[in-house]
Structure formats: structure tokens, C-alpha cells
Amino acid sequence: MTNLIPQTEAQQNCYILSGNFVPNDLLSMFERKFSCSLEPDEKFRIIYYDTFDWRLYRKDEALVLHQYGQKQKLSLEKLSSARVKDIVPLPRAGGKSLNLEKIPSNMRESIASTIEMRALLPVVKMDGKVQKLLLRDKHDKIVVRLSFEKDSTVASESGRKQDFPERIIVNPVKGYQAEFKCVKKILSRSSVLTPHKLNLLDMALAGIGRHAGDYSSKVKIKFNPNIQSVQAVKSILQHLLSAMEMNEPGMIASLDTEFLHDYRISVRRSRSILSQMKGVFPEDRLEFFRKEFAWLGAVTTPARDLDVYFLEFKKLQNRLAPEMHSALLPFRDFLQEQRGHAYKKLVTAVTSERYKKLKCALKELFKKDSAAEKNAPDAKKDIHRQANERIWRSYKRVKKEADRLTPDSPAQDFHELRKSCKKLRYLLEFFQFFYHEKKINQLIRQLKILQDNLGEFQDMDVQNIALKNFAKMMEKKGVKNADTYMAMGVLADGMDQRKKELQHAFIDCYKKFSIKKYQELFKELFKPDMKQEQESPYESIG
Amino acid sequence: MKVLASYNIKGGVGKTAAAVNISYLAAHQGWRTLVWDLDPQGAASFYFRIKSKVKSGVKGIINRKHDLSDIIKGTDFEDLDLIPADFSYRNMDLLLDDKKNSSQHLHKLLKPLSDDYDFIILDCPPSISLVSESVFYAADALLVPIIPTILSIRTLEQLIRFQKKKKLDNMKVSAFFSMVDRRKKLHKEIVDNPPLNETCFLKSEIPYASDVEKMGMHRAPLPSYAPQSRSSQAYSNLWDEVILRLK
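Sequence lines, in order, name chains A and B. Numbering of the first sequence is given in this note's numbering, commencing with residue 263 and proceeding in unit increments. Numbering of the second sequence is given in this note's numbering, commencing with residue 1397 and proceeding in unit increments.
Since the hints were made in silico from the structure, they are not lab data. All C-beta atoms, glycine included, are put in the ideal place defined by N, C-alpha and C. Don't take every hint at face value.
Under 10 Å between C-beta atoms, here's a sample of chain A residues computed to sit facing chain B [stated by the list, open to error]:
#	residue
1	Lys333
2	Val350
3	Leu352
4	Asp402
5	Ile431
6	Val432
7	Asn433
8	Lys436
Below, in silico cross-link-like pairs of lysine-lysine (PhoX-like), each with a Cα-Cα straight-line distance of 25 Å or less [unchecked claim]:
#	chain 1	residue 1	chain 2	residue 2
9	B	Lys1560	A	Lys436
10	A	Lys443	B	Lys1451
11	B	Lys1447	A	Lys340
12	B	Lys1504	B	Lys1560
13	A	Lys335	B	Lys1451
14	A	Lys436	B	Lys1643
15	A	Lys400	B	Lys1447
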């Protein structure tokens, strides 16, 4: 990722020092041309912030907190050009995450549209001392500033610390270009200075053994299409377990709603791959995982459902007439309380012995076990073939269930189809690297449109029932605000109406999904008998 | 970006000292600040040790031969830049007169700088002219130093009448007492009972003090070399009030 970023002008103004060098060496380089003065040492700290899934970095942006002495500034920078998009002074505040509310409005809006519901977390921190060298002309006017950074370390949030090389940074002063060029020329002659090759964020991350984009909720595993199914499924499960473990701390600390969301997706994907590829493990082993993953799904559901309510609270309010907006506030307070309870239960579950046992059993499963694989009929089948069979079967199932649906079909049938679509989607994503990238992405996109419709239908259905249950619970708790119940009733009615609209809209969505072009594409890519003579468009990559 | 103009019809009332000192305080807080020394006398440029000379003179600026950003000079203070004065600025009125919508011209010139600066502070020449009108249109707020004397108050009345006549309703006029010598009975009376509409007067007052005059010797903003002085504190209070009004 980092190698693709060209060296920017700002990087060219930063030099890494090698060998012994003291500020006075710097002074002696310039004193023939300028009147020089060294300022006293000052402590500095630079903290890079991003979301857990690198949303700013993916948009070529970096959010950087600079602390020098008593001052603190927050800048939003374009990574590829190192251009500062916006910079603001910021009052000092504690806390692990950077509170978006504390950021002035223009910058806040720009960041909020990128990070959406995710929290800003410190990614890497640099600490050190800086000594400034001021270069003046014959009128005693400062014409160039140099910063000598020393005794620097980089540290991750978990505390992993590493020494960071000494740096010289040349800061031009506007309107004094000739002097700046002169300084650069003098520096270029030095044998102990080399310009930055990477931007500072990538350098700092490398220092703590990380790289940007090292977490993504997407499953992108490249394996050799000829490996045995059992190995491939183990790789997928290993990847999913690692995603679960990466999300655990943020989920437990409730840093934002997406830790739990991504965690649950990994749980669902694990359940799905185990059931879709059940022939690769002995049946007696699968039963345990089926039961335990189902438990994990169930125990995390209430917290996620309540998170969804919170994320969509504004949307819910907007479904009401403006004068009814405030009537929903007691409902939000109730949700807040329920959410607290739900997260407590969730934390108890994921810190329990039962959960530890599940993870241990998974890790045990990843070990080679020839005896067990002998008892599994599909363990040794090659994965590409197995993937074709499973995807084709899953697609046929989706088609069969969807063909039967009419706008008047019961909600349960829509839910069943939603689950089948999800299984198909997971399979397409797990094995996407076996297939032509553009073609499979086209199918995933179409499936996603169908899933969005079915997903919203499910939300409306579940939320409608939940609203009624919540109202009963609130009544029991003594909430006596009639306007609140009326507003919740209006919402429930609106959801019923929306469900009907979605059922009708589904027919159109499915029509688009099931056009001949996509049917042919499914056949071409996955139908086993058509695939026998066909070779993968990609070379072996495992 | 907020544009603030230090302005008075009358000269010698502390406009430049106010512009230089509050611009320094703004930059010191971390705001990206630009001062435009519009006065051909070039006192603000002098305070910042920058030569009063602009490439292509005022013609180049008004006729947009180059961008304003090409003539900006960095001061000795981080986050604080300056567009220097030029003796040719004395002809700015004539050049603006040739322009369509001359009163909006300065506003248009400053607009491209809106991403680069949080505050632009205009140090204006004394007079009421087309340049002033253009300043009034460009500025979010007018900072008017007033010496507590009858004549000085009269200039404020003239300014407010002009504002009404030109219907410059959006422009916030913030007057403050400058060069206040409380040993003088008249100063004390006027400061304690501000005339006109009290709401246009800020609470902060700048004392008459020799350390302000010494800015010429140091060629630097007062709070940069005497941050603890009474006058520095007065400018700091003034800036706090101004920034609060601008929000």
C-alpha cells in the first residue's frame, strides 16, 4: 500500500539523520550565509487518529494532533500530497478517543462524513524533543526555520514503544523562496541526511510493526485453488477468528457500535462456512461448533438490535411530524438503559469460560488431524471444485425461494430468503479470488441490492414487534408519557406500511437480479458440469 | 475565515497597534492569521520587519495581475503572515473607482484565501473613501479604536451614520477605548459613561502606555516581547472579547 504513494514536496523537506549529529553541526552548516539562533528544546507529541477500519486513510486523509509545549493543534491532511486541508487549535482534553464534538464545525463535518458511526481512535503516537534553528537575513528577519527532532519514540496504543530516527525538517517562510532553496542546497550536500521516502504516518506505523489498512471487515483470502477443502476452510475460519479477536476489546469497551457489528459478522460467517462446507469436518465435531456459534450469535443479538435503534434514532424521529420529535426522547432514554444491560450480558458472555472453550476448540481444529479428515467425506476435495458446487447449490436455492415469493407471501418466507441470500453472499466473498474479478463483483453487487431490500424488510418486521414489546416494558417501568406511546404507535404503523412497500419493491429488485444476463453469468462461473473444462482466469496464488 | 478590519476615520488612534497585537495573539493561539497592511505609511509592515513593497504595486493587486498569495510574506511568528504595504496604495481609491462594484472588490480579492487563513486582519488607512467602503463590505467586523475625546467620538458617530446610509447592516461595529489616560478627567468621564449606543463598545480598553510606543523600537508585537505588561494584558482581553463577538 505504502509503496504506491509518491514522495511529496513535504517529504522532501524532511530528512532522516544517520550518524552522530548535534544541533551545533546544523548551526555550522548555515552560519556563513545566515545569522542563526538555536531555540531551547521543547517537548512535542504527534498523535495520528483514525477509525479502527482506517476510513480516513482509505480516503487518503490523516487526522493529526500536534502538541508543542502548551499548544495543541489538530490538522486534517491529504496523505498523498501532505497538503493540510484544515488545521485548528484545540483545547487539551483527556480520554482515549477523540471526541468529534470538540472539533470545530467545518473540520467536524468533513470528518463525520468519512467516519460515519465509527469512533476516532489513536493509531500511533510519537513523542520527542524538538529544537528550532532560526535563520535570519541581514535585516534580522527570519527567512527559514529548521526543526531538529531528537530523542523520539513511536508507540502504539497498547504501549509498544520503539525508538524513532532523528529528523531535520525545513519549514519555509512565505515570500522567502530563494533563502529556502539555498538551505535545501546546503542540506543536500550533507552525507548524513536522507530525505523521507515515506510519509510520517507510514514511517511511524512501520516503527511499531503495523501498516495502514491492517484491519478490514472484508474477507479477502487468496489461496491456491488446488488445495484441499479442509485447508481452505481452516484458513477462512482462522481469518474469522482473528477478526473476532481484533474486535473484542473495542466491543467490550463499547468504543463504537461497529466493533460488535463486525464481530457478529465474523460469527455469522463462521457459522455459515461450517454449515456450507460441513463435509470437510467429521459430523461429531461440527455439532459442538453449531451449538456454540448459535449461542454466541444469540447472546450478542440484543445489544446489536439496540445499537441499530441508536444509529437510526434520528431517522425514526424524522418519520414523525416535527412536533412529535421530542415525544420520542423518553424512548431513547429507555433504549439507553436497555443497551447498558445488553452490553453487560454480552461482556459476561465473551469473557466467560464457555467462550474461551469455544476459541480453544477452534484453535484445536486448525491443527492437522489426519484421522479426523479421513472421516470427513469432502475434506480432501479440491477447494475450487467444492466452491463451485456450493455456490451453485446456494444460488439455486435462492432462486427457488425467490421465484415463489409474491407481495402477499408471509414475512417468514422473506426472512428465509434473506438468510439464503446471506449464505450465498458469504460463499461468493470467501472464494471470490477464484473467479473473474469484474464478473463476480457484478453478481455480488446485484445480490447486495436484493439483500438491502430484504434486510430493510427484516428490520421493519423485527423493530415493529420490538417497539410493541418496548412499550409494554416501559409501561411496567412506570413511564407515563402518553405522547411517547402515541409516537411509538405512529412509528409501528409506519413500519407496517413500509413493509408492504418493500414487499412490492422486492418483485422489481428480484426481476433485475434474475435477468438472463446474470443467470448466464452464474452458470458460467459456478455450474459444476460447465466448469470442468474451464480454467481459472488467475494463476495459482496460494 | 473571518475578516476583521482595524479602522477609524481619524489617524493616530492606535489602529495599527491594535491590528498588529491582536493578529499576534490570534496566531499565538494557533489560528492561521494574515494581516494586510493597507496603509501606504506601512507601519504594520515596519513592526513585522518586512519591507513596504509589493510586486507590481497596487495596480497588480486591483487588476489581479497576480494572486494575493504571491505577495504574502511570512512574519517572524508562526501562523502569522502579512501582505505588506506599498506606497502606491495611496492610489487604491482611483483604481477601485474604475472597477464595477468597487465596494465588493476587496471581498473578491480575499475570497481565494479562505481555505488558508482563519483570520484576516486589515490595517486600514485613516479616511472614509472607496477603500473604506470596500473594507466595510469585506469585513465581518470593524474594530474601531476611539481615544476618549469629543472629536474622536464624533468620528464614530460619522461612521455609524455612514453605515446606516449605505445599509451595511451585516457589519458588526466594535468600538473600544484606546490610548486611555485615566489621570485625565475627560478620559475617565467618557470611558465610564460611553456615549452613543453602549452595545457597540467593547469592555476592554487599551491604556496610554510607553510600552506600546516602544513597539517601534522592538519592531515586534508587544505581547511577543512583554507578554506580562499591563498593555499586553489589555490587548489580550480585547482579543478575547473580539473572538467571542465573531463566533
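Against the structure, the hints come out as follows:
1. Hint status for Lys333/A relative to chain B: holds, with the closest Cβ pair at about 6 Å, below 10 Å.
2. Interface hint at Val350/A: satisfied, since its Cβ lies 7 Å from the closest Cβ of chain B, which is below the 10 Å cut-off.
3. Interface restraint check: Leu352/A against chain B, minimum CB-CB distance 8 Å, threshold 10 Å, status holds.
4. Among the interface hints, the one on Asp402/A holds; its C-beta lies about 7 Å from the nearest C-beta in chain B, closer than the 10 Å criterion.
5. This hint is violated: Ile431/A has a C-beta 13 Å from the nearest C-beta of chain B, more than the 10 Å allowed.
6. The criterion of a C-beta within 10 Å of any C-beta in chain B is not met by Val432/A, whose closest approach is roughly 13 Å, and the hint is violated.
7. Look at Asn433/A: its Cβ gets to within about 8 Å of chain B, closer than 10 Å, so that hint holds up.
8. This hint holds: Lys436/A has a C-beta 4 Å from the nearest C-beta of chain B, less than the 10 Å allowed.
9. Between Lys1560/B and Lys436/A the alpha-carbon distance is near 39 Å, which puts this suggested pair outside the 25 Å criterion.
10. About 20 Å separates the Cα atoms of Lys443/A and Lys1451/B, which keeps this hinted pair within 25 Å; it holds.
11. A threshold of 25 Å between alpha carbons decides the hint, and for Lys1447/B with Lys340/A the separation of about 34 Å lies outside it, so the pair is violated.
12. Straight-line distance between C-alpha atoms of Lys1504/B and Lys1560/B comes to about 23 Å, which keeps the hinted pair within the 25 Å bound.
13. Between Lys335/A and Lys1451/B the CA atoms are separated by roughly 33 Å; this puts the pair beyond 25 Å, and the hint is violated.
14. The suggested pairing of Lys436/A with Lys1643/B is violated, with an alpha-carbon distance near 29 Å, which exceeds 25 Å.
15. The straight-line distance between the Cα atoms of Lys400/A and Lys1447/B is roughly 13 Å, inside the 25 Å bound, and the hint therefore holds.
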